[in-house]
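J.: All chains should be built: construct the whole structure from the sequences, respecting the hints.
Here is what each chain is made of, one letter per residue.
2 protein chains.
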Amino acid sequence: MKSTLDCIPCFVSQALKIARLATPDERAHERILREALWRASKADLTQTPTRFGKGILRLVRDLTGQADPYLVIKEESNRLALALLPAWRERLRTATNPRLAAVRLAIAANVIDFGIKGDMTAEQIPEALESSFAGPFRGDADGFFAAAEGANDILFLADNAGELVFDRLLLELLPHEKVTVIVKGGPAINDALKADAAAAGLENWVKVMDTGCDGAGITLEDCSPEFQRRFSRADVIIAKGQANFESLDGCGRDIFFLLKVKCPVVARHIGRPVGSLVLHREWKK
Amino acid sequence: MKSTLDCIPCFVSQALKIARLATPDERAHERILREALWRASKADLTQTPTRFGKGILRLVRDLTGQADPYLVIKEESNRLALALLPAWRERLRTATNPRLAAVRLAIAANVIDFGIKGDMTAEQIPEALESSFAGPFRGDADGFFAAAEGANDILFLADNAGELVFDRLLLELLPHEKVTVIVKGGPAINDALKADAAAAGLENWVKVMDTGCDGAGITLEDCSPEFQRRFSRADVIIAKGQANFESLDGCGRDIFFLLKVKCPVVARHIGRPVGSLVLHREWKK
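Each protein sequence line maps, in turn, to chains R and V.
Numbering of the first sequence is given in the working numbering, commencing with residue 38 and proceeding in unit increments.
Numbering of the second sequence is given in the working numbering, commencing with residue 38 and proceeding in unit increments.
Be careful, since some hints might not be right.
Heads up, the list lumps identical chains together, so a pair's fine if it works in one copy or across two of them.
20 Å max Cα-Cα, derived EDC-like pairs, lysine to aspartate or glutamate [said to hold, decoys possible]:
1. K39 - E63
2. K79 - E67
3. K39 - D62
4. K215 - E263
5. K39 - E67
6. K231 - D105
7. K79 - E63
Rather than coming from a laboratory, the hints here were simulated on the basis of the structure.
T.: Structure below.
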């Protein structure tokens, strides 16, 4: 998905937010914001929104020396999600349709995202998750499970720390011995890294591998050859979150995108309103 | 009031919004946005937010030839406000405290503002006005009326088209023969011009004069010498809306600001939460 003019104000806000997370130094905030504005003024809009975001993260790292501004937020998200997990596990177990509920929850948990608006505190997550779970859903959950059950090699492209804790409840309903969970190879906003997969209890239960690069979403040409190989050969690819959709939509592979629609640009692109839970199959074969 | 880093993403969004109002040409939107980003990257943050906004409006005018992108919106706001006026006049007449209700309404009507968020359509105004009127109020309305009643020369710095229709209900409770309503000298987002004062029925009832310049808010050094003279000599100055507060706060004159707090930057500055109705006296004598 290409960037649009509407993405630009969002890039600018994000730069300021990340700068403030990285350092309390206001002169650094101003330098980062001015540099982000200058870059945005020359931005190549044919690139994906995630690619621009990656540049901002690197800029912040280079100017502040802070490689992972979201580290504390990610750790807090993991703790909070783990505290909420038992109640949700029970709720899913007793749901009329546990599979559909698990899909909805995995998508809804995407609300644990400090990347886009950044106006939610960790304390607000339980209620936000509840209301997100109740949002309108569209997608073919049966088709999704059928495809996964017939597969030998499933790539699960994770999104955020914390969210990944709830993904486990979905993975438990899939042939998880065939699943490789893909996390990022380095800090990318609040995207899950290997440490977050470990915190979510996924290590020694499913395979966990990283992209070999540090951008949000999946920018294939930046990823390790090993990941690229796995990506091109997998039977089923499950991609969580908006950044994966932004970066992989139209890439030519058959992908199940599980995402909460968070901005008007993606809403227009995918044809569902902001706030929707979407299981969208990118089917180009 | 100086600009802050938080004002910058807002400037950028506003540039895109005004560009789209001015022309359907998407290449022009992109040119305007890129130019606004470049200017923002070099912006002097000691200038008021309204001054930056003025530059954007001029940029749009120069690049599109469209001098008044908000003309249709202003005309629609006037029509809608006039349609709502009789019911509100009756409501104020029968209010427990008609003066306080008139102050609240004049401030609440500031919600008819397409300048900041731009996400309200004309159809949404009646409900928005109702909810705005019900918002928390802080200010000394009695002190305000006492000052106005003791004055010989009252300047009423109007804000938006449409809003000005409701201002009339407040002006009717003031010694209006001593009031001069000040509108802008040229297009400034949806700020009221002389045509809007006429549409609101103010002509031939109070004096109407313009600032002699086309910026939102009041940037004194850009205004006509005649307005500057009136401004320096008036007994009482009443300034409606956030842009007037942003541009006149700290100017050294005794001013009654009547505004709805619309953004976190002003909220911090004035010490009242976003959404509040505020009658704030700038008292420096």
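J.: Would you mind marking each hint as holding or not holding in the structure?
T.: Against the structure, the hints come out as follows:
1. K39 - E63: between (32 Å within a copy, 15 Å between copies)
2. K79 - E67: For K79 and E67, both the intra-copy (19 Å) and inter-copy (11 Å) Cα distances are at most 20 Å.
3. K39 - D62: Intra 33 Å, inter 19 Å, cutoff 20 Å: inter-copy only.
4. K215 - E263: Only inside one copy: K215 and E263 sit 17 Å apart there, 80 Å across copies, limit 20 Å.
5. K39 - E67: between (28 Å within a copy, 14 Å between copies)
6. K231 - D105: within (14 Å within a copy, 54 Å between copies)
7. K79 - E63: Between copies, since 16 Å is at most 20 Å while 25 Å is not.
No hint from the list above goes unmet by this structure.
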